[in-house]
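Trainee: When you get a sec, could you build the whole thing from the sequences and use the hints?
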Amino acid sequence: MKSLQRMMVGAGLVIVTLLALGGESFNLSPVPNYVFREPDLQLHMEKVRSSYFGYSLNLRPGGLIVGAPRAQSDLAAQRKVNETGAIYRCSFAADAPECFPYYFDKIGNTKAEQSDFAYNSEKKDFQMLGAAMDGHGSDGDRFVVCAPKTISELVDYYLLHGICYVTDGTEQDQEPKDIRKIIPLRAKDKQLHKDAHGQYYNYMYGEQGVSVHVTDDGEEILIGAPGVFNWRGTVVRYRRRFNEDMGGLSRRDEWAAQQRPTNRHRRQIVQYVSDVPNPYFSAVKDDSYFGYAVGSGDFRGDRKTLYVASAPQSKGQVGEVFIFDIINADSFLETQIKVQYTFPGQQQGEYFGYALLAEDFNGDGFADLAIAAPMHSRSGDHDNGVVYVFWNEGELNFQLQGKLSGNHEVAGRFGTSLGRIGDINMDGYNDIAVGAPYEGNGAVYIFLGSPDGLQAKPSQKLTPPPNELLSPQPMFGFALSRGSDIDANGYKDLAIGSPNDEKVYVYRTYPVVRIEAEVTSSKRELTLEDTTFDLSICLSAVFAAGQPFDVQLKYELTVDGQVGRVTLPGVGGNRRTETITVTGASECRRIDVRLKATAASIYKPVLVELSYELVRSLPTETDAGFCADCALLDPTVANRLIQKISFKTGCQGEVCVSDLRLSARWLDISPVYVLGSSKKASLEFEVYNAGEHAYLPQLNVTLTPARLTLAKLTSECQQTITADAVNVLCDLNNGLPLKASYTSRYTLILDMTKLEGSSAEIKAEALSTSEESAQEDNFLEQVLTLQEFSDIEIIGKTSSAEVFLEKQSGLHNVTYEIQVHSNGPSTFRRLGFTLDVPLVYHKPSSGQSYKIIRFNNIVVSGYYNYKTLDYTWTQNDTILLPNPIEHDHIVPPTVDVEDMHRLPSDFDLLSGGGGAGMGGFASENQPHGYDQSSMGMHRRRRRGLGHGGSPVHTYNRYTGQLSGHSRVRRSLSKVNDATVQALPANRTLFFNCAQEDAFIECARLNVAVDIFRPTNVPIIITLQFQLDLDAIGEAFLEREDIFALMMLTDVHKVGDPDGVTYRQVRSNPFTVVYRYADGSTPIWVYIVSALGGLLLLVAISYGMYRAGFFKRTTKEEMEKLHRESTRLNEPEQGNQSPAEATTELN
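Reading the sequence shown from the start, the letters are residues 1 to 1146 in the working numbering.
In case anyone wonders, no lab produced these hints; they're calculated from the structure.
There's no promise every hint is true.
Simulated DEER-style distance windows between Cβ atoms [said to hold, decoys possible]:
#1 E175 to D195: 38 to 48 Å
#2 L469 to E98: 19 to 29 Å
#3 E98 to P569: 18 to 28 Å
#4 L43 to T620: 35 to 45 Å
#5 E621 to D286: 49 to 59 Å
#6 K554 to K106: 21 to 31 Å
#7 T785 to V410: 53 to 63 Å
From a predicted model like this one, the values you see are computed outputs, not experimental measurements.
Glycine included, every Cβ here is placed at the ideal spot set by N, Cα and C.
Mentor: Following this line, the structure appears as structure tokens:
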């Protein structure tokens, strides 16, 4: 019984306030714990400007590695080299933290001997060594640093190649081990590129090393080279490649060893290779700077690394960012970039992609993407800067989650740097640091991850200490390190560069502790006779990093503070304060409470309020050092709890016995809900009390899945979101007792926009602190059935609707564009699109074959919502592979899509009628490929139900439901366009894949889209091919002079073979080829028809004349007939009435 009381009282706890996520401090130290400066060395050349110490950073437990790209060298071998740049390693020694040179290159400028293969001379003046570096957060991890302006100087010009150095660990103090150079741009035969279009600077000014990134597995290094190919740009992928070789065998014996068993040891040969994709095949134009920023991530969730790089100057300086893969690297073909997704910039000149970061911010296993645009300008300002955050829903389906921004400082350049700091507060979601180096003296913002992605407001803002500033623009935040745990407390720390001030600040991270508080009462309800009762307070600490330590808490307990009926022994009042130390185990206190109530005061409950805070606060003095015993409370957990204990009134026994009965109904939707039909839904709960008074009535609702959340959270409710469900606990009746025979209603407004699947479950329970006579009717469980329905429209466009053989011959370039639109309301998932392409025609009279369309010359591109769609070719369910060499070297002609012809829609489907001729009879001019009974295709899947009938579903936007009626459903004709349908069948050669025709060979294009949303963004499939007009002319039979090419489209859904969840309307792209330039009918036919019509009209007119059709009666006969008619109509005199006679006499 005691455990039951504890559970019921706990249900009455209400969160009143939360610790605010203020901009002052969260768990990064508010002041730097280490400040590193460039060491004072004996230099050989005079220092004339800032060395930019802190321009790039890599934080590791063994020390901080700092780049100073404008530093002078202290090496004697480089005494004549001006501003070589330098790398420093700074130690965290407790006695004297200091920095010292970390040498990757100890020689000066070199003049190499002439080589037939590469330019190996190195001129290192102003080479910017340390401009870019990267590596993971452990001392044994691979580390790479670059000097993008290293040149090879020739007699008349120079080659701006750049250079990078890589090492497999940084454990040594003085210099790294096993340094290797990455120099793939020095090949002599690739400095220039010449073709029929002109000459291009290929590798000459590549500037390898402007950006660099080490992949998450540490196996690959991605280096940006934005100057390659007329500054079109590319990337360099540096990786290890393993080859197996037989030890002790010569090459000529290798084949024989493979043919017979051997006990010889097989060894692995490790090679380091650099893959440089050829920008000639890239979609970006010259001066795009592709590779300005680089990264990688697991964007598909399959552990396959895809790469990401920016081109901030592409599209007229609007900028683009690409997710891509590198193909053909281990073959004899040209290494290329295969773009998987394209992110366009939003504002010209914002430098979209200046920095980027791939990280999973919402914990769903897919890498999201943050793209910085530091020169983005708000209205009236300039260079404010924003960071675009794109949420990855899987399978490269991205949605713009929002834009992060700073304090709206003019020219702050928010987003100049992005720091991959990991999960800095250990809540299960990765966070991000954003630098704004020109916002005042510079600033760094911390944004925390969450189940909904990055939070819009920063949790913390760091600024440089005022006493450390030496220059008016220190550029604090220009460089950010990766997060690394340098003090082994389980939390990652951060280094921030201030290069114009030649300083680096290291901020350590404080642990975050979550306090679990519980208050229980010895009595569920109080009576007027009660004078004492007990309260139990229990506090425990949960440590996210798994390293428990003592936490000192100060709690304050207030009992009945407003009414004053309670006294706490030992304190002389109703408020108790105590400092306790908690760890992982619960620390409890039992408190006696003395009560003195009156008959007039029992209608107000006793309020028990508990609040707590940490005793020690974080040090804010610059020289205070790091507080090893300090921690921070988790801001997502309440630090103030309130419990209500009611007085029993009007009950027969000592404890009130209530009988709560729970029911629910949907107010604006039905129990069968069409996904996407509404953004919100209202669910009304009704609680009726058939027993005695129910004190502290509450409604506890569990919503499954977790995507079903509240659209509006009111003050009387609290919402808890877990990975599987959403729990909502609401106070009923404003916290007052629910009296006997009274009803309380409460409506939950649910957010339906994120809902998916086949059903949603709502479980509810009515609670109170009173006894319950019947528990069965306190519970309610409802299942909301979910349906999907999408209205799909396919629109075909063509660049050549008509072609005339008298005017053209040879190969004719044609472009087809197919747009697939979704009119909703639901999201179409697992969509499959097919396009049947006829290729070869076998002439029945001669048996000869004519290749109308050459398969290897077809160029296909598919896009949806900036995502590049993959496709496959099949023929009779066999996958076809186009010739990759021919395919890669085709440069398709440019076609303006707006000039393409939009083809008519499928009128048969729109009208709901059949496709046969008038009166239900088939037309004699029906083209080849039609099924006269159903006008369907043989390849069209059957969707009929029963005896050929199928329910035709439509979505009613007013009722939000699917409606349908049963009729004989004809298979949707794919060749029902008005132009093709009107062609004479006896003179037309129909070239399509409507049926399994032995005379036509076809191939099927297959495209899959995982998520297709009902927006204005269509799926666009573009097909570029060459039509062989000479082959068409030879394929005609003697009576044929019209050739009708049509490609047939179709949409299907995985898991829905009958097409119940969608309806489609389509028009197919086609091209009609006429033998004669004036159309399908010669001019003499029109002349003869006109003359014949005139002669027939004359003959008919003469016959009618002879028959008297044009004769009229004479004038006299007509007048005679008129007089007789008048006389007969006059009345006689004797028949007049007296009244009429009198009238005439007057």
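Trainee: With 53 to 63 Å as the target window, see if T785 and V410 comply at their CB atoms.
Mentor: 54 Å, holds
Trainee: Please check whether L43 and T620 have a Cβ separation lying inside 35 to 45 Å.
Mentor: 38 Å, holds
Trainee: For the hint 19 to 29 Å, verify it against the beta carbon of L469 and that of E98.
Mentor: Since L469 and E98 have Cβ atoms about 21 Å apart, the given range 19 to 29 Å holds.
Trainee: Can you let me know if the beta-carbon spacing of E621 and D286 is within 49 to 59 Å?
Mentor: 55 Å Cβ-Cβ, so the 49 to 59 Å window holds.
Trainee: How does the Cβ-Cβ distance of E175 and D195 compare with 38 to 48 Å: does it lie in that range?
Mentor: 45 Å, holds
Trainee: If you check the beta carbons of K554 and K106, does the distance land in 21 to 31 Å?
Mentor: 59 Å, violated
Trainee: Cβ-Cβ distance between E98 and P569: within 18 to 28 Å?
Mentor: 60 Å, violated
The earlier numbered hints that this structure contradicts are 3, 6.
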